[in-house]
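*Asks:* Using the sequences and the hints, build the whole thing.
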Amino acid sequence: MAPDAESERWLRELQEDSPERPDAVAALHQLLLRAARFEVRRRSAVHPHLRGDDLDDLAMQAADDALLALLSKLDDYRGESRFTTWAYKFGLFEAAVKIRKRAWQGRELPVSDHTWASLSTGAGAPAEEAERSELLGAIATAVDTALSARQREVFVSLALNGVPIDVLAERSGSTRGALYKMLHDARRKLRQELVAQGFDELREDG
Amino acid sequence: MNSETSNTRNAAARLLGPAGPELSCDECFEELDRYVEIELTVGGDPDYAVPGMRAHLDGCPACREDYESLRAYVATAAG
Chain S
0 MAPDAESERW LRELQEDSPE RPDAVAALHQ LLLRAARFEV RRRSAVHPHL
50 RGDDLDDLAM QAADDALLAL LSKLDDYRGE SRFTTWAYKF GLFEAAVKIR
100 KRAWQGRELP VSDHTWASLS TGAGAPAEEA ERSELLGAIA TAVDTALSAR
150 QREVFVSLAL NGVPIDVLAE RSGSTRGALY KMLHDARRKL RQELVAQGFD
200 ELREDG
Chain W
0 MNSETSNTRN AAARLLGPAG PELSCDECFE ELDRYVEIEL TVGGDPDYAV
50 PGMRAHLDGC PACREDYESL RAYVATAAG
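Chains as they are written, first to last, in numbering that gives the first Met the number 0: chain S, 0 to 205; chain W, 0 to 78.
Just so you know, these hints were derived from the structure itself, not from any lab.
The beta-carbon is built from N, C-alpha and C at its ideal position, and this holds for glycine as well.
Treat each hint with caution, since some may be false.
[Claimed, not checked] From the structure, some residues in chain W lie toward chain S, with a derived Cβ separation under 7 Å:
id	residue
1	11
2	14
3	16
4	18
5	31
6	32
7	33
8	38
9	47
10	57
11	64
12	68
13	72
14	73
15	74
*Replies:* In structure tokens, the structure reads:
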């Protein structure tokens, strides 16, 4: 798909040999900074303890990192969206990752699986409670018996305890993609185990 | 489906993730801008254009947040 005229202008001016490149890079940084500030404002509403001038520093760092990431992937832009939309995601992504990490700064990652207890406690009717308890009990058992130690650790952190994947990636020296692949494989194993036990409604689609 | 059965299914879905094929996080990031533009401006069915995206957004909270942010930003500041 051919890029629209404005996207073509961005691409042309950002080329290494373009005389407009310095101005285009500066404009791109401003665009990324606006996106990063938007994301920081959104996330700080969810994390009210994140306040102060350092949030703007965080947005600036996100814009700086996003600019480097984007320029290194400029050849990957295929023109399937407006260049600005393609660029925004770099600014938003870098800001979101930084906010997640900042929100967990200084916090220990939960290692226990006590969340099972809160999941299995509801306010439903007895039949519903029994159904929930049976299913969660089967999942908990399958986590212990069907997963490898590393899969169990990743599953408990991400799916059970809700640790942000970027935080776990940073603490474990891994990447979002690698951790999600491990979580995905763990979930597939659990589904297969539960289907084998008779929870047919958990069979995978397709 | 009553709300109690729905609660049990929600708990299972949160733990077990999507039941169908899904994109990886890297594939999700690559396709996110196209997916959002189809949804907001181009028209058409983004889930037909990008199979596996919706399932991934259901299974990965971080990518879901990134999607919601891009969607909100394109719809407002960029619109």
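*Asks:* Next, verify each hint and record whether it holds.
*Replies:* Hint check:
The beta carbon of residue 11/W comes within 6 Å of a beta carbon in chain S, closer than 7 Å, and the hint placing it at the interface holds. With 7 Å as the threshold, the beta carbon of residue 14/W comes within range of chain S, its nearest partner Cβ sitting at about 5 Å, so the hint holds. Using the Cβ-Cβ criterion of 7 Å, the hint placing residue 16/W at the interface with chain S is satisfied: the shortest such distance is roughly 4 Å. At about 5 Å, the closest approach between the beta carbon of residue 18/W and any beta carbon in chain S falls short of 7 Å, and the interface hint on this residue holds.
Taken as an interface hint, residue 31/W checks out: its beta carbon lies about 5 Å from the nearest beta carbon of chain S, inside 7 Å. Satisfaction of the interface hint for residue 32/W is found here, the shortest Cβ-Cβ separation to chain S being roughly 4 Å, below the 7 Å cut-off. This hint holds: residue 33/W has a C-beta 5 Å from the nearest C-beta of chain S, less than the 7 Å allowed. Of the supplied interface hints, the one on residue 38/W is violated, with its beta-carbon coming no nearer than about 11 Å to a beta-carbon of chain S, more than 7 Å.
Restraint check, residue 47/W versus chain S: the minimum CB separation of about 15 Å is more than 7 Å; hint violated. Among the interface hints, the one on residue 57/W is violated; its C-beta lies about 12 Å from the nearest C-beta in chain S, farther than the 7 Å criterion. Residue-level restraint check for residue 64/W holds (minimum Cβ-Cβ distance to chain S is 6 Å; threshold 7 Å). The restraint placing residue 68/W at the interface with chain S holds, with a minimum CB-CB distance near 5 Å, inside the 7 Å limit.
Taking 7 Å as the C-beta cut-off, the interface hint given for residue 72/W holds, the closest approach to chain S being about 5 Å. Hint status for residue 73/W relative to chain S: holds, with the closest Cβ pair at about 6 Å, below 7 Å. Interface hint status for residue 74/W: violated, as the beta-carbon distance to the closest one in chain S is roughly 11 Å, over 7 Å.
Consistency note: the structure conflicts with the earlier hints numbered 8, 9, 10, 15.
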